[in-house]
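Number of protein chains: 2
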Amino acid sequence: MKLASLRNGRPDGHLVIVSSDLTRFVSAGRIASTLQSALDDWQRCAPILGAVAAQLDRREIAGMPFNPAEALAPLPRAYQWIDGSGYMVHLDRVRSLKGSRDQGLQDERPIMYQGGSDTLSGPQAPMLVPSDELAVDFEAEIAVVLSRVPMKATREEAAAAIRLVGVCNDVSLRRLVAADLEEGFGFFHSKPSTSFAPVFVTPEALGHCWRDNRLHLALRAHVNDSLYGQPNAGRDVRFDFVDLIVEASRTRELSTGTIIGSGTVANAHDDMLPLKRGGVGFGCIAEARVVEKLKIGKARTPFLKAGDRVRIDAVDADGRSVFGAIDQTVTVHKR
Amino acid sequence: MKLASLRNGRPDGHLVIVSSDLTRFVSAGRIASTLQSALDDWQRCAPILGAVAAQLDRREIAGMPFNPAEALAPLPRAYQWIDGSGYMVHLDRVRSLKGSRDQGLQDERPIMYQGGSDTLSGPQAPMLVPSDELAVDFEAEIAVVLSRVPMKATREEAAAAIRLVGVCNDVSLRRLVAADLEEGFGFFHSKPSTSFAPVFVTPEALGHCWRDNRLHLALRAHVNDSLYGQPNAGRDVRFDFVDLIVEASRTRELSTGTIIGSGTVANAHDDMLPLKRGGVGFGCIAEARVVEKLKIGKARTPFLKAGDRVRIDAVDADGRSVFGAIDQTVTVHKR
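Which chain is which? The protein sequence lines are Z and A, in order. If you count by numbering that gives the first Met the number 0, then the first sequence holds residues 0 to 334, one letter each, in order. If you count by numbering that gives the first Met the number 0, then the second sequence holds residues 0 to 334, one letter each, in order.
It is worth saying that the hints were derived from the structure and are not from the lab. Treat the hints with care, as some may be off.
Derived pair list, reagent style DSSO-like, types lysine-lysine, alpha-carbon separation capped at 30 Å [what the hints assert, rightly or not]:
hint	chain 1	residue 1	chain 2	residue 2
1	A	K333	Z	K151
2	A	K297	A	K275
3	A	K333	A	K292
4	A	K292	A	K275
5	A	K304	Z	K151
6	A	K275	A	K304
7	Z	K297	Z	K275
8	Z	K304	A	K151
9	A	K151	Z	K333
10	Z	K275	Z	K304
Treat the numbers as computed from the prediction; the structure is a model and nothing was measured.
Using the sequences plus the hints, can you model the full thing?
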């Protein structure tokens, strides 16, 4: 099943069940008013939500037209947002950036940071930044939502905790990343609100696209009208979601509704921007710039400016959107 | 008024109003069932909660006996927990520890990290750690709970956002701090659940103890039967709560219910442990060890082991507890 939270004037929005083709929805209000409350009572809610989803797909329930512009993030505020680093290609590329720490790659254990989870942005919300002079970048990622995970979870416990899968944009202010790294206290200032595609999907509903604890789909990223990347999230995975969950629970339990991100999806290749037909490209701008610097001596792809539009969409083999698209315009916060 | 959340089998507990002397409580269920829901609707809830609190104090409502053993953290799970560094004396002392980064003190702007907010521990919950071989320490702090703060908040906006004040213990695994700092991704593994004293208190109810955006009370910390410290949280403040809030909102808004910690409360002095009568001492063990190393060539105060008991309590001039005590026993998580 696919779940979304629609705007209703309240911080958590209104939980709805969305049809598999993302065209129609029905309220889940009688079962659970918010996604967090459904997660808190998943054993009871999941079968009922699933039954309604099946009726919606069989058109036994007509539903209403689903408008992603009305969608908040599926969890508009969460108790935890952890971003991991599943794709070494991404870390490998960005670590050659000025200001990044010169250290051996973490091959043994994934690194991760505690992100702000109090405001997660909807798919069409403005990408709100304090200034567009801070090297604004997007990061196209896959995320999973968890049930409670005990401290020092086993791989089996970690795998069983994955309730939902989604797509997100971990917005980054690259100019502040170096300062945050230097302080050593984490990416406090360099990461504004992370945004999410309209729906979360159960692993079961993803069918063969969800296997080996990872999503086997291309994650397409456009900036304005240019395709910047379409790496496959199932390839070049150094740490899968179970690895990330096990590591995150090493010294503490994770509560119900915790979201863990994959890190920027990145495949190994020799592409540069603009992408040639069939190219793989990049899940963020920083990587494109690093490759340019290596190949032609200077970075030419600019970071994002006010008015730039970023679209991120996980698509199946037929090019159909599975989670709905993130479609945001960079907007500088005005006081 | 003073607010607590009592255990009721649900993750957020049951909101209650506690008498000023911490002896009696009355349910707030008819006004708001949880503290987060009260914060979300504060304009409506605060006056009603305050009126009931006044009736309880005047004994127009008898109430029930308040048992802090039944208390969860006042916000048992929060959308955000940020820990700041208001007391330079603490940073100054711990930075001389092995593994800490050798850098100039941050005199211009407070540093802060994003902490895990998904499980905040109650005052008498076990201090659950993955092992007691990790240099387990407590950190006695003051915390404030906020209403929504806009991005790039002014000092006036920051001051107006302070809804509630509390006391917390930012549990630290010192042996993992150095590795977390080295990675630069923040204190991910070195900070298990932070615990909180039984009640949050409105600034108004603190009277003259709350002024200049800080709490003017001694914060007493005992380990087993020894007094380790009683620094005054109103002294040696380099960055007050308004400074911390302004800094935290530099690149993002903070949502309703965000908790910001002061950092370990620390006063400048020449004490060593055991404390002499009237001594000030320390809000964490690491500071005591640093001073010992400087003065006698080696650290002798041990970090915490399983079974050790830590009590933290903010007391008024007459020695009366204002927030109730944190009273935890170190417990190693068993699988």
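Outcome of the hint check:
1. A/K333 / Z/K151: With Cα atoms ~9 Å apart, A/K333 and Z/K151 stay inside 30 Å; holds.
2. A/K297 / A/K275: The hint holds at about 20 Å.
3. A/K333 / A/K292: violated, 34 Å
4. A/K292 / A/K275: The hint holds at about 19 Å.
5. A/K304 / Z/K151: Cα-Cα ~19 Å, so holds.
6. A/K275 / A/K304: Judged against 30 Å, a Cα distance of about 24 Å means the pair holds.
7. Z/K297 / Z/K275: holds, 20 Å
8. Z/K304 / A/K151: holds, 19 Å
9. A/K151 / Z/K333: Answer holds: A/K151 to Z/K333 is near 9 Å, not above 30 Å.
10. Z/K275 / Z/K304: It holds: about 24 Å lies between the C-alpha atoms, which stays within 30 Å.
Hint check: a violation occurs at hint 3 only; the rest are consistent with the structure.
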